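In order, the protein sequence lines correspond to chains A and B. Each residue of the first sequence is one higher than the one before, counting from 1 in this note's numbering. Each residue of the second sequence is one higher than the one before, counting from 483 in this note's numbering.
FYI, nobody ran anything at the bench for these hints, they're computed from the structure. Heads up, a few of these hints could be off.
In silico lysine to aspartate or glutamate, DMTMM-like type, Cα no more than 20 Å apart, as pairs [what the hints assert, rightly or not]:
| # | chain 1 | residue 1 | chain 2 | residue 2 |
| --- | --- | --- | --- | --- |
| 1 | B | Lys525 | A | Glu421 |
| 2 | B | Lys850 | A | Glu49 |
| 3 | B | Lys601 | B | Glu717 |
| 4 | B | Lys526 | A | Glu231 |
| 5 | B | Lys525 | A | Glu71 |
| 6 | A | Lys168 | A | Glu68 |
| 7 | B | Lys531 | A | Glu71 |
| 8 | A | Lys279 | A | Asp230 |
| 9 | A | Lys148 | A | Asp179 |
| 10 | B | Lys910 | B | Glu789 |
| 11 | B | Lys570 | B | Glu541 |
| 12 | A | Lys169 | A | Glu296 |
| 13 | B | Lys910 | B | Glu898 |
| 14 | A | Lys426 | B | Asp591 |
| 15 | A | Lys148 | A | Asp55 |
| 16 | A | Lys200 | A | Asp179 |
| 17 | A | Lys353 | B | Asp832 |
| 18 | B | Lys641 | B | Asp591 |
| 19 | B | Lys818 | A | Asp262 |
| 20 | A | Lys426 | B | Asp848 |
| 21 | B | Lys520 | A | Glu71 |
| 22 | B | Lys526 | A | Asp230 |
| 23 | B | Lys833 | A | Glu231 |
| 24 | A | Lys426 | B | Asp820 |
| 25 | A | Lys378 | B | Asp832 |
Computed from a predicted structure; not experimentally measured.
Residues per chain, in single letters:
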Amino acid sequence: MGKFTEDDLKKELETKEYEYGFYTDIESDTFPVGLNEDIVRAISLKKEEPQWMTDWRLEAFRSWQQMEEPEWANVTYKKPDFQNISYYSAPNKKAKYDSLDEVDPELLDTFNKLGISLDEQKKLAGVAVDIVMDSVSVATTFKSTLAKKGIIFCSISEAIKEHPELVKKYIGSVVPQKDNFYAALNSAVFSDGSFCYIPKGVRCPMELSTYFRINQAGTGQFERTLVIADEGSYVSYLEGCTAPMRDENQLHAAVVELIALDNAEIKYSTVQNWYPGGKDGKGGVFNFVTKRGLCEKNAKISWTQVETGSAVTWKYPSCVLKGDNSIGEFYSIAVTNNYQQADTGTKMIHLGKNTRSTIISKGISAGRSQNSYRGLVKISPRAENARNFSQCDSLLMGNNCGAHTFPYIEVSNKTAQIEHEATTSKIGEDQIFYCNQRGINTEKAIALIVNGFSKEVLNKLPMEFAVEAQKLLEISLEGSVG
Amino acid sequence: MNLKEKLISSFLAFEDYLEDDSPIHDLRNTAIKNFEVKGFPTKKDEAWKYTSLNSLLKEDLSVFPKQESAIDFKDVKKYFLHEIDTYKIVFVDGIYSSFLSSTTHEGMDICLLSAALSKDKYKPIIENYFNKVVKEDSLTSLNTAFAKEGAYIFIPKNKEVEKPVEIINFYTGSEAALMLQPRNLIIVGENAHIQIIERHQSLSTNAVLTNAVTELFCEKRSMVDYYKIQNDLPEASLIDNTYIKQERDSVCSLHTFSFGGKLTRNNLNFYQWGEHCNSILKGITILEEKQHVDHNTLVHHIAPNCESHQDYKGIFDDSSTGVFNGKILVEREAQKLDAFQQNNNILISDKATINSKPQLEIFADDVKCSHGCTIGQLDEDALFYLRSRGIGQKEARALLMYAFANNVLESVKIPELKKRINRLIARKIGVSLGFDL
């Protein structure tokens, strides 16, 4: 038997194409390219929004115009031309379906290719899926079950119409319109997204899940997610993404706001597998996301993310630990290959007493990619007895990639206890040799080792996601022996 | 006229005063232009995020002292390591004091930069080494523009310098507020050994801002031990820029002891150009009142099979602030590297702040890089243990702080210096334990 060498493995990897690269041809209702106040008004009008929402968008737009695109991130890319993007696109048939049979078969086919079978999920996983395909929700399942418990799970445009008091109170309360360049842009032009409200004391009986998918060529996707967990409630929210193969860069600037009121708990999990660009670094999605959660007393927010896609990722899911005894958690695996660049991490802002946070970040870089962890742990003077533990591990595969760590630690209270550690290493030859010796080929051995390396984070994912995440790791990673 | 304008206009006068054929004439002019473009760093610069120079720049600083001042040895004896014999290069208000110094030209040069700049026989050395490893940042450029005096040390091949060299800058307070810009050039030849102690000391309560630049070249297999003692009066501020270039098999260790001063900024840069280099960076920072110390370190690993170790300990009381901004940069060629960075801090007071940013930038895959950072308090259980054995609260705390700082202190190789620092720490913590670590 011929020896399977590292070179063979590298070759095999390089030729491994993006599995989910296809493009569904659905007639879309797309706006002309460009952005000005009229476009913002038109989006608002199209969504049949009340006046206060239109004004809110315009306010965001005006401050966005004053802002400059940030450059501090450790990534290089050709800046998108914001006047060359269409800011609204929705699948043509907007009717709501009660059963799957009514859904456009082509659309269903897309989801089947992605392995998202609605039926299967309904039956086996018990997941209510609010599918966002190019900005507008086309199918919502399990709504009735949720409604019985008083849980609101719908698209954000629907929420603006039907629950304006909730949206008005909470939108922009965690990520203000002027927060940063992309958050301002999102606030001005967001097309759709998910809204979720868990009433007092309710434990959401199933995992809520939204599948995002960018579909229309040249369409920026501006999702807005708002999750509110009222006092003493619990919800686990899943977000997963795949995008078709396109050669021009697509911009994705989402905003996610989580609000955990007293004693509430939110678990937010993401698997992101957008098109990372070809192996020559051409194309791919720009993922500039603002995610932030606010914890009131005794509340807990836990972010788990598996980032394997996108050409450029720029994402810092954060927790503002405002209430006493609140807890923030961040578990992340970021994998970059070929020419991908990721600058990701978290911010833990400790304001309340006895607040605790944990950060576990695993970065894996291969090919010619650059992978950065950038995190902030801030203990304010009044945050007595705050506790933080951070661990950032990087794994390098091959000699053309980079791993970077930029932790910021700012402590102004003497009772704080902060621990931060970071390591960088490669897969040991002896580890691979050990596996080889036991009849496990090199490719499998690496998958095994990488899985072990990321186990701490994978364990935090809900069951259905964990399986998918492991598959993703295999696709984007296996091989690239260091 | 703000300080920047004042500096730029004084530069013209300074250039007139110097002889035109100075070998670094062009360098000075390029440097001042660079400074003019960049200006003083502000908090918007990532490297200066946690340190603001504003309060210092507001002072009406004189750029040149108007008169020479003399000081008596007995008044300043305590600032020297007087227990042992040393070479001394002493400056008073930026001007060389031959009376206090003890220099040599026997088999090596331990003398003045001004001499090296003006004499022809040093020309090749100046051309090869001067301003060769520095970054073109604004403060270094400012120093280059005004560089005229400082220590010049050249140790030839295979020479072991038998006694330590002390470089001391005194400031007498002859001006209400003064800016000093000493410039040191140190070349340690192949297989040579040297120990250097550097100190900046203010003798009056008049304000002083020192913007020092040191270039240190460690040739093949050389060994350098460098100690910086920063225990100045609360009116004195220091920006210390040190650039170290290491050739293969060289070992350079640098200890920084920051106990005093109003604002201290240490820009410490190591460049490992040869294989099997070892860089050791250690520091103890003990601050109180409104003091601010910023350690900004860079270890740039360019060649393979090297090592670097960083260990910084900080104890912060009152409303002092500490900054640690350490960076390990590993180039693609720098394989088989072992780099380690550690920063431990203890906050004693409610108002003290620590900002720590330990960074890793790694482009090579076969490396062992790690960093750790902790911020916490003295262990209550350990305190209880000590107190239950009859040791007073204050002493018990002091003992634990000693222990905390100890592994930095124990690598000090000059016993007298170790004792001295030990005493400084004891005074800083406010107890005498009656033993040396």
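Does the structure break any of the earlier hints, and which numbers would those be?
1, 2, 3, 4, 6, 8, 9, 10, 11, 14, 15, 16, 19, 22 and 23
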